[in-house]
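Single-letter residue listing:
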Amino acid sequence: MATLDPADLHAVWLTLKLASVTTCLLLLIATPLAWWLAHSRKWYKGPVAAVVALPLVLPPTVLGFYLLLLMGPHGAVGELTTALGLGRLPFTFYGLVIGSVFFSMPFAVQPIQNAFEAIGRRPLEVAATLRAGAWDRFVSVALPLARPGFLTAIILAFAHTVGEFGVVLMLGGNIPGETRVLSVAIYSHVEAMEYGAAHFLAGGMVLFSFVVLLGLYLAGGKLSKVTR
Amino acid sequence: MSEKHVSEIRAHFTLQLESFALDATFSAPVVGVTALFGPSGSGKTTLLRCIAGLERAAGSLYMNGEVWQDDTIFMPTHRRPLGYVFQEASLFPHLSVRANLEYGFKRIPPSERRVPLEQVVEWLGLERLIERGDPAKLSGGERQRVAIGRALLTSPRLLLMDEPLAALDTNSKQDILPYLERLHRELNIPVLYVSHALDEVARLADHLVLLQQGRVIASGALGETLARLDLPTAHLDDAGAVIMAAVAQHDEAYHLTRLDFSGGSLWVGQVKQPPGSRVRARVLARDVSIATVMPHGSSITNILNARIAEIRDEGPDKVMVRLMLSESHVLLSRITRRSRDLLNLTVGMDVFAQIKSVALMS
Chain A
1 MATLDPADLH AVWLTLKLAS VTTCLLLLIA TPLAWWLAHS RKWYKGPVAA
51 VVALPLVLPP TVLGFYLLLL MGPHGAVGEL TTALGLGRLP FTFYGLVIGS
101 VFFSMPFAVQ PIQNAFEAIG RRPLEVAATL RAGAWDRFVS VALPLARPGF
151 LTAIILAFAH TVGEFGVVLM LGGNIPGETR VLSVAIYSHV EAMEYGAAHF
201 LAGGMVLFSF VVLLGLYLAG GKLSKVTR
Chain B
1001 MSEKHVSEIR AHFTLQLESF ALDATFSAPV VGVTALFGPS GSGKTTLLRC
1051 IAGLERAAGS LYMNGEVWQD DTIFMPTHRR PLGYVFQEAS LFPHLSVRAN
1101 LEYGFKRIPP SERRVPLEQV VEWLGLERLI ERGDPAKLSG GERQRVAIGR
1151 ALLTSPRLLL MDEPLAALDT NSKQDILPYL ERLHRELNIP VLYVSHALDE
1201 VARLADHLVL LQQGRVIASG ALGETLARLD LPTAHLDDAG AVIMAAVAQH
1251 DEAYHLTRLD FSGGSLWVGQ VKQPPGSRVR ARVLARDVSI ATVMPHGSSI
1301 TNILNARIAE IRDEGPDKVM VRLMLSESHV LLSRITRRSR DLLNLTVGMD
1351 VFAQIKSVAL MS
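One line per chain: the protein sequences are A and B, in this order.
The opening position of the first sequence corresponds to residue 1 in my numbering, with each subsequent residue numbered one higher.
The opening position of the second sequence corresponds to residue 1001 in my numbering, with each subsequent residue numbered one higher.
One-sided and incomplete, this derived list gives chain B residues near chain A with beta-carbon spacing under 7 Å: (1) His-1078; (2) His-1094; (3) Ile-1108.
These aren't lab readings, by the way, just hints derived from the structure by calculation.
By construction, the Cβ of each residue, glycine as well, lies at the ideal position given by its N, Cα and C atoms.
Chain A extracted, bound-state conformation (with noise of 0.2 Å):
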């Protein structure tokens, strides 16, 4: 049987890094984001929707393509970076998490979205004639009550940067111990024919995200039962 070669355990420890931080940036990112969908009336409010759809519908190899472009020594953002003494950021682990974080958007904008839209105005109204502030009425309402969104934003997030491919080959290539993540790495193993190495990846992934899908629905029911 193949075990883990250095390489590989390298790349499992890359994707979980990866996934991590693009799970918490994004938490950051997504919750005002969704929360302005989930209220605003403004006429752009849609537009704005369907840009953070967009990469569920759109090859993650377009993705990568003009996020290598704007990145790269020619575009807007690689300019800034290496002015900023930053350096350049394709083919770093910088820019997977970038990549990352565009590609898993919608994942974790829009169960955010729909829980803060399930919750309502009432709730809110309710707090505030009982003298809690904007933030406060966010943090002791809002928060809590969005609960099962974040949960399930968290796990999709994770789970589908961990699975991504595309975006992440496109941006980071496949330098070994530096951006080459699982599911590269599984892609190099079945190109040199190590179907034992493939296999042994491949499967960990399967039952990885079997594992996480179960998860999500048990919690899942938990969780609306508990809030309902």
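Dock chain B against the given chain A, drawing on the hints supplied.
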């Protein structure tokens, strides 16, 4: 600044919504219960939401001379010292009953906590409910009692109630009304009470603000306003007069109680209140008939001297008659146009009002 008045609530709001325009001006005393009364869609709830700052309307709101809203100031809801009871109890589902009660209480400075938790629990009979954790396990009436307690615990200077009984079944309503009456008697907080149910208003309110299609068409003391024949309230099916009276005497043998007021006496089914207690009685216009001579051999107990003050046609077959029992006490009587003509009833005539039924409201 001339619009500021001490010791009253003074409100003026204009708001244009898609299908509805509010243009309401009224003032109300800062004691007792003021009912905002009108048919569905008359803008009562919208007006209440404007007062709470939940709806951002143009206009002004002065509370005891303090500006809550004018052209330059808009105090946000959470800074207005008010309590709001919504039609549905709207308890926070993620908090226990106790945490719901304490939500607002914890958010006001300790020095402003004039209403202690134990007192609210006692007033509203929440002793057993507070031990039950999950608000979802309470009945509709119990939930609404917790919601009222939650609002009271912010020590509000004004309590706003938006049809707090409308979402409840008849049993829960009967269950909760005594608590509201008790609050009315014992609590020194002015209440604005939105309702479209005349019996609730007659029972709880001291002051009436009538709304129709987004406008205030009349306001005044409850008894006088209900008896005004130029207003639609006097022509509702359950129109009637409210009489404030004192318990005078209990007749143990027949299980009756006599109520005295300046216009005479009324016998009603025996009540629990001791002699001297103030009660309010409601007499529906359809339960009052008129006789030109003192009826003899009638089973009706309550026959009062009255003078006809006004007669107004009501539909093709009915008229509404306003009867003065004294300077300050009025009855309404709905009779047929035919009876008016047969008895030749005219304004200024002295008659006898026969009262078939009296509902004791508290």
